[in-house]
Amino acid sequence: QSALTQPASVSGSPGQSITISCTGTGSDVGGYNYVSWYQQHPGKAPKLIIFDVFNRPSGISHRFSGSKSGNTASLTVSGLQAEDEAVYFCSSYSSTTARLYVFGTGTTVTVL
Amino acid sequence: EVQLVESGGGLVKPGGSLRLSCAASRFSFSHSDMNWVRQAPGKGLEWLSSIGSGSRHIYYADSVKGRFIISRDNAKNSLYLQMNSLRVEDTGVYYCVRNVAPVAGNFDIWGLGTVVTVSS
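Residue numbers (the working numbering), protein chains in the order written: chain L, 783 to 894; chain S, 356 to 475.
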C-alpha cells in the first residue's frame with residue numbers, strides 16, 4: 783500500500799458538519815495512535831490541525847476534531863465555514879520498511 | 356515567527372543531481388528532528404527522509420533510498436538533501452518540515468517549498 787486511502791472529495795453547506803475518513807492497515811493507522819491531519823490551501827504549505835489522533839495544536843479551531851477506530855481515522859469539521867475549503871491530508875507513523883511515515887491520498891473539501 | 360526557507364530547486368536532466376538546502380530560524384533547530392516531504396504536481400504528499408537532531412538516526416523512503424542523502428549542520432541551522440540519479444518522477448515541490456514529536460510524526464513547521472523539475 784503506497785498511501786492511506788481518503789475519499790477524493792467531500793462537500794457540505796456552511797454550518798454543516800463533514801467527516802473525512804483515512805483508511806490504512808495495522809502497520810500504520812491501526813497499530814499506533816500517531817495519526818495527524820493537515821490542511822492545505824491552494825499554493826500554500828500544509829498546516830498541522832490534528833496530531834496524535836485527536837489533539838489540536840494551539841490556535842486551531844475547536845471545530846476540527848479527530849478520532850480513530852481500528853484501521854480507520856476520521857477528521858470531522860463542524861460548523862463548516864468558507865475558509866475550510868481546502869485539501870486535507872492524513873498521515874500516520876508506519877512500521878513497514880518502505881517508509882517511516884505515510885500520507886493519505888488527500889480529500890478536497892468544498893463548501894457549497 | 357518560526358520559519359523554514361528552502362532553496363536549491365530548479366530544472367535538471369534525468370540522471371542529474373541537485374542539492375536542496377533549508378534554513379531554519381526562530382526555533383531550536385539543533386533539538387528538532389527534521390524531514391523532507393515532496394508533492395508531485397497535482398498529487399498528494401510523500402514523506403522522503405528524516406534525520407534526528409544529532410544526525411544519528413536517519414531514515415529514507417524506499418523510493419529515494421540509495422539516491423538521496425539527508426544531512427544537517429546544526430551550527431548553521433540548516434538541513435540539506437543531496438539528490439542524485441534524478442528521475443522524471445522526482446519532479447515536485449520539496450518541503451523542509453520539522454517533526455515536533457519524534458516517532459509520532461507531527462509535522463508542525465513547514466517551509467514554502469522549492470520546485471524541482473526533472474526533464475530532458
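If you're looking for bench data, these hints aren't it; they were derived computationally from the structure.
Small disclaimer: the values here were computed from a predicted structure and weren't measured.
Hints should not be assumed to be uniformly reliable.
Calculated cross-link-like contacts (lysine to any residue; reagent style SDA-like; alpha-carbon spacing at most 20 angstroms) [claimed, not checked]:
hint : chain 1 : residue 1 : chain 2 : residue 2
1    : L       : K850      : L       : P839
2    : S       : K420      : S       : G397
3    : S       : K398      : S       : V458
4    : S       : K398      : L       : T787
5    : S       : K431      : S       : E401
6    : L       : K829      : L       : V891
7    : L       : K829      : S       : K420
8    : S       : K398      : L       : A785
9    : S       : K398      : L       : T892
10   : L       : K826      : S       : T446
11   : L       : K829      : S       : V473
12   : L       : K829      : S       : V458
13   : L       : K826      : S       : E401
14   : S       : K398      : L       : P839
15   : S       : K368      : S       : V455
Where chain S lies over chain L, by a calculated footprint (3+ residues, C-beta under 8 angstroms) [stated by the list, open to error]:
hint : segment
16   : 827–837
17   : 871–881
18   : 884–891
Even for Gly, the Cβ is constructed at its ideal location relative to N, Cα and C.
Hints, verified against the model:
As the CA atoms of K850 (chain L) and P839 (chain L) are separated by approximately 18 angstroms, the hinted pair is consistent with the 20 angstroms bound. Simply put, K420 (chain S) and G397 (chain S) have alpha-carbon atoms about 24 angstroms apart, too far for the 20 angstroms limit, and the pair is violated. Among the hinted pairs, K398 (chain S) with V458 (chain S) is inconsistent with the structure: their alpha-carbon atoms are about 25 angstroms apart, more than 20 angstroms. Only pairs whose Cα atoms come within 20 angstroms are accepted, and K398 (chain S) paired with T787 (chain L) is accepted, the gap being roughly 13 angstroms.
The hinted pair formed by K431 (chain S) and E401 (chain S) fails the criterion: a straight-line CA distance of about 27 angstroms is larger than 20 angstroms. Taken as a hint, the K829 (chain L) and V891 (chain L) pair is honoured in the structure, with Cα atoms around 15 angstroms apart against an allowance of 20 angstroms. Of the pairs offered as hints, the one joining K829 (chain L) and K420 (chain S) is violated, with about 27 angstroms between alpha carbons and a cut-off of 20 angstroms exceeded. For the proposed pair K398 (chain S) and A785 (chain L), the alpha carbon gap of about 12 angstroms is at most 20 angstroms, so the pair holds.
Between K398 (chain S) and T892 (chain L) the alpha-carbon distance is near 18 angstroms, which keeps this suggested pair within the 20 angstroms criterion. The hinted pair formed by K826 (chain L) and T446 (chain S) meets the criterion: a straight-line CA distance of about 18 angstroms does not exceed 20 angstroms. A C-alpha spacing of about 27 angstroms is found between K829 (chain L) and V473 (chain S), which places the hinted pair above 20 angstroms, so the restraint is violated. For the hint linking K829 (chain L) to V458 (chain S), the alpha-carbon distance of about 19 angstroms falls within 20 angstroms, and the restraint holds.
Simply put, K826 (chain L) and E401 (chain S) have alpha-carbon atoms about 16 angstroms apart, close enough for the 20 angstroms limit, and the pair holds. The hinted pair formed by K398 (chain S) and P839 (chain L) fails the criterion: a straight-line CA distance of about 26 angstroms is larger than 20 angstroms. Straight-line distance between C-alpha atoms of K368 (chain S) and V455 (chain S) comes to about 35 angstroms, which puts the hinted pair past the 20 angstroms bound. Under a criterion of three residues with beta carbons nearer than 8 angstroms to beta carbons of chain S, the stated coverage of the segment 827–837 of chain L is upheld, 6 such residues being counted.
For a cut-off of 8 angstroms, the count of residues in the segment 871–881 of chain L with a CB near a CB of chain S stands at 7, and the three-residue condition holds. Chain S is given as covering the segment 884–891 of chain L, and this holds because 5 residues of the stretch bring a CB closer than 8 angstroms to a CB of that chain, at least three being needed.
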